[in-house]
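Those protein sequence lines, which keep their order, are chains A and B.
Heads up: the first sequence begins at 1 in my numbering, then just goes up one per residue.
Heads up: the second sequence begins at 1001 in my numbering, then just goes up one per residue.
Calculated directly from the structure, the hints in this document are not laboratory data.
One thing to keep in mind: the hints can contain errors.
[Said to hold, decoys possible] Coverage of chain B stretches by chain A, computed from C-beta distances (three or more under 8 angstroms per stretch; other residues unrestricted):
#1 1077-1085
#2 1102-1112
#3 1154-1161
#4 1244-1254
These numbers come from a predicted model, not from an experiment.
Cβ atoms here follow ideal geometry from the backbone N, Cα and C, with glycine treated the same way.
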Amino acid sequence: MDLFEYQGKEFFAEYGMPISAGKIAFSVDEAVAAAEELGTPVMVKAQVHTGGRGKAGGVKFAADMDAVKEHAENILGLDIKGHIVKRIWIEKASDIAEEYYASFTLDRSAKKHLGMLSKEGGVEIETVAEENPDAIAKIWVDPVAGLSDEEIADWVAAANLPEAAVEGSKVILKQLYTAYVEGDADMVEINPLILTPEGVVHVLDSKVTLDGNSEFRHPDYEQYDESQTRDEREAAAHAKGLQYVGLDGSVGVIANGAGLAMSTLDVVNQVGGKPANFLDIGGGANADVMAGALEVINNDPNVKAIFINIFGGITRGEEVAEGIIEAMKRVNIDSPIVIRLDGTNAEQGREMLAPHLGDALMMETTMLSAAEKAVSLVAG
Amino acid sequence: MAIFLDENTKVVYQGLTGSTGRYYGNLNREYGTNIVGGTHPKKAGTDVDGMPIFASVADAKAETGCNASCIFVPPVAVKGAVMEAAEAGMELVVVITEGVPMHDEAWFFNKLQQDFPDTRLLGPNCPGIISPGKANIGITAGHIAKPGGPVGVVSRSGTLTYQAVYELKEKDIGVTTSVGIGGDPVPGTNFIDCLAAFEADPETKAIMMIGEIGGSAEEEAAEYIKANVTKPVVSYVAGVTAPPGKKMGHAGAIVSGGKGTAKAKMEALEDAGVKVGLNPTEAGDLMAEIVASL
């Protein structure tokens, strides 16, 4: 779950980290009211789940109320890399002497947590990594032992932060690691972490991704679920509890298992088609799940043909066939369906489907031939 | 021969009293897996369909000599269940449960490495392991694999594993062991562990490795194959068309920051001399050619 900047800052604040006073606004009026309460100067910042806000004109300094109004008008509704700005964060402006970078994430290869600290903040860390990799001090943290004060001190020293920033940074890095672990985050990033002219280290931006699997110990994370960026199709699928990712092609795809679903997209692509989506209906393929999946696919106006790719393991072929037949009775499907059913009791399943075959429902015995059939139906 | 699991492995099921654990416990028992029973702290002395329930893994071990555990408990209880099994001295711990928090996984992976190096963890979020004709732990349909070898299978995806062993069976090719390492970011057992075991297993003559997008496990496996594996390896990597930044069903299946693409993985594998199929069927055909020439 990706948090907006302001949600990330509220999350950081729970672990004691210093953030600027601010308020969220969904309209120009709310932005003006927020700025009046905070007192100018303020920053007007677009809240979207993507980087590059500054370059896109989504982050502006406002010296007075007229500027707040003007920037709020311009930023609300702005399209930043396909993300439309619907909320803006009005924040007390800070004086900046220096900008740093700090983050924690999992190093999947080392199977340890990876902390990165750099005195070259305020730009994308990927750029720093490419142009000046030595400017990033890395630390690998054993999840069992945790991160000690000594390790933090060595790490800050390795990053060559100026003396004035050392003590403040040590405190914030410890808090950041605690937030990362206790808050069950997949990733936490501060960019920039700033040093003010007064010598105070302060969190000026946040990027936080929380682990949705941890909701059983963080029931409050449910609040972030509704603000995830999803297109209409993804929202509908999410509401039905389906594993769905929207794509821009014309072949609707339903498969059981994440690997098989990914593989199905690949095969559609290989035979010259373009998949409209990724959809994993999981191990079982009962009528309810299948009907829900078909509904989501059917509501996608780009879909011209549907490819159902099922491999029966524990779930038997005849159960899958029954689910499909029942689902087709419940949902009125606009596009022709091609089914490939293989695995356990596939022959029985195919026999059950046989009387229902025609222009609306076709059957193929291999993944490849089914993909070819579906793609040919799109072409007409 | 088989790797990690054979007919002598004695397995206790943590979560046997739950509906999923009971269902698959029964299927695994029917397959011939040597199941000693299950555990539940408050139901010791009862049984599930004739399989006795012990208060703990340690109790089960004291009474039956079991050396492996299969975990079906909910995500909230997985960390405790893994540690209980490790502390009781289980040599193999298979976690089927999906949805375990990343921080729990990272913690118990490292804890086991440090304090319980003799415990092999498989999963979480994996279909389990099957040594066809001998034993089956997890949710794989046993009859889709032909016993006897000569192919060893290792995969991050459940359904693609089924697809692979089934296609091999259709071609009358057997499997020594099929290991589903799972789709999570911190798998207890990785490709390299399985490649090393298959390389050392005299009955395994060729290896099928099925990867997917995300992380760099396939690239690391490619390096390992280049330096250490003499047996022929066939591979398939799912997710060529996956868009960046989106989790494709599995928690670990995500292309982020331009890293973890299927293309890079396939190139690394080909560079290591692995034959790479563009889809599961093609991979199956490549393996059939290799087996025919053995």
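task: Against the structure, test the hints numbered earlier, and report the numbers of the ones violated in rising order.
output: 1
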